[in-house]
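**Student:** Protein chains in written order, with the working numbering: chain A, 1 to 385; chain B, 1 to 353.
One or more hints might be untrue.
[As the list claims (entries may be wrong)] Just so you have them, the derived chain B footprint on chain A, three or more residues with Cβ under 8 Å:
#	stretch
1	78-90
2	240-253
3	278-284
[Stated by the list, open to error] Which stretches of chain B does chain A cover? Using the computed rule of at least three CB atoms under 8 Å from a CB of chain A, they are:
#	stretch
4	85-92
5	262-274
[To be verified] In silico contact screen, one side only, chain B against chain A (beta carbon under 10 Å); selected entries:
#	residue
6	E62
7	I97
8	Y102
9	G103
10	N132
11	P139
12	G151
13	G153
14	H157
15	H168
16	L344
17	E348
18	R349
19	A352
These aren't lab readings, by the way, just hints derived from the structure by calculation.
Where is the CB? At the ideal position from N, CA and C, for every residue including glycine.
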Amino acid sequence: MTLLDLPLAATRGNPAAAASYWDTDPLRYLDEHGAPVEGGLRPAPELLAADRLLALYRALRLARAFDTEATALVMQGHLAVYPSSRGQEACQAAAALCLQPQDWLFPTYRDTAALAVRGIDPVEALTLLRGSWHCGYDPKQWRTAPQCTPLATQAPHAVGLALAAKMAGDPVVALCLLGDGATSEGDFHEACNSAAVYQAPAVFLVQNNQYAISVPLRKQTHALSLAGKGVGYGMPGVRVDGNDVIALMHVLGEAMERARTGGGPTLIEAITYRIRPHTNADDATRYRDASEVDLWLARDPVERLARYLTATGRLDEGLDSAIAEEGAKYAAAMRARLTLEPEVDPADMFDHVFAAPTPQLREQRAMVEAEAAAAQKDEANGGEA
Amino acid sequence: MSVATASPSIPVTSPSAPVPPASVPAPAKPTTVTLAKALNQALADAMAADERVVVFGEDVGELGGVFRITDGLAARFGENRCFDTPLAEASILGTAIGMAMYGYRPVVEMQFDAFAYPAFEQLVSHLSKMRNRTRGGLPMPIVIRIPYGGGIGGVEHHSDSSEAYIAHTPGIHVVTPATVEDAYWLLRSAIASPDPVVFFEPKRLYWSKAQLTLPVTTGPIGTAAIRRPGRDATLIAYGQTVPVALETAEHAREFGYDLEVLDLRSLVPFDDATVTASVERTGRAIVIHEAAGFAGFGAEIAARVAERCFYRLEAPVLRVTGLDIPYPPPKLEHWHLPSVDRVLDAVERAMAA
């Protein structure tokens, strides 16, 4: 079995198309079983150092623990919605770990695990999906833009921030996360084109998880490779195995370094798979077969690294249980805090529309405050008005 | 794991407030200044005062913009401060948003009203919401300049008035000057504003003139101006319809009517106080704008006046607006635009009520 069985199945009956697809075989370091691929990538020795690999493994396990707990929380009604990134943990971890502190991340709604790996408090990271505010963390403190919901619209922001940093002479790179569906949007095209024209220090990481809600990639594009679009913009386009965290770190590291040193933007397509439905509100059995999911479960990014680390003597049962315990503690803390009813203040709705409220907003704020006070009084009187 | 906080290394040479005229060399003798020149001067003065101010858009660099509003800026300030962009309006505004996140104060040009629409999603989904989304964490000090309106003989897509689409979006200030003085000061104020401002430039008035010495100051964003005091009715106008209202008021004198002309200049925030006070004095209100009347900005004005001045009104609030049609070709546009005659008819109806 290979990583490309699915696209191949989609091109059945069209050998020519299948052949071109194989020509753009994604870059890998490890195969599905966690063994180094013959003729695969050759990462720098630093990346393969034991402490570095264990840090990567911890990040994968953290992303998995976060995603598993968030999925449980949404099922129990403690989140408004949760788009899971299960199966994409390698992309999530690598996106956060390839950054230097001054670099900016431009995440989507499916990248909350990446926020957690970057170090953002899980309650702050999940504020949007909990429904208590839109963005719960301080973007400037964390160098992380608010999670973007309208597809690809954050890509021009990444270009603007990268251009600004370039103009200011700062060694800052903007990493923009996107999905395969977003590559059909006009803003994706405009952002890639502008980034290349400005030679902005931006990196576009497309997590090709094969589906945009229910629509498979073959209905999204007639191109055989999303990375191939880079040619049209005059920037390098790289296809990488998105479930191979070592390959991802290698490819992202090169792209970030190129951007940081004046070499301009890069488009990276990471081939991965969305194991769970689009969100908890979606029913994936309506559009894909369980056998397909099983195929990808066997390519699990966390297991893959675990096998490699075990085989190379860097991970034993004791250490693995200790790391699992860290994840369990993290999840338990998430649960303890996110099962509490969040505090919300209606005044928040008015206070940040403008730097100073307009006269009209002051009036509306006073109206809502009066209503809230009346409601509180009613409650104090046992619900009698 | 933590990310250190550091400030971007953007040089700041002045506070964000507009530089008062006192800090500028002694004013010279008044000269003839066009509205277009006043805008150009406002951009240059803002760029000189604050290195965070950058100007970009289509053809704004070497060419100086199709209306020459950015003339000379690239030569004077360099191509890092005033530059041409790819022809992609969503990218222009999206890039501005990213630059503002990093601490810059972008001023972007949309070449024509109807060519700004590709940027609409960025405006509605991000520009207007970013400060609120982040509880003040990412303010958006961005100005979008949009030449708008008709009467210049432009073919399709060159004469739209799109202010209602924008004004309907919470989180954006919307202003439009009608005088040379306001063109200068409103643009300086818009650039100094901590919030996003859509700056509608009445392109038919680009070549209108005044005798003055720049810089000048007028009122702050959010305040309307009474251009002509009167007792019998209030004509409420903005941008290109302000001169129409003033001309109407002159003609109306022949009929014995003394009309007040109010120039809104700021649609958002809306100056309820000045509008209400005026209609409370006159008892009649006529709203004039070029955009289609149906669900237009005039409907908002009429509703606000009715809510606040109902018991003082002597007549229903009337609207004289563009027709509810796609903007007509140049040979027909005079039928579409609010004319002095049409406004006078409305005055007659209001006075007869």
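**Student:** Find the hints from earlier in the document that the structure breaks and name them by number, from lowest to highest.
**Tutor:** 1, 2, 3, 6, 12, 13, 14, 15, 16, 17, 18, 19
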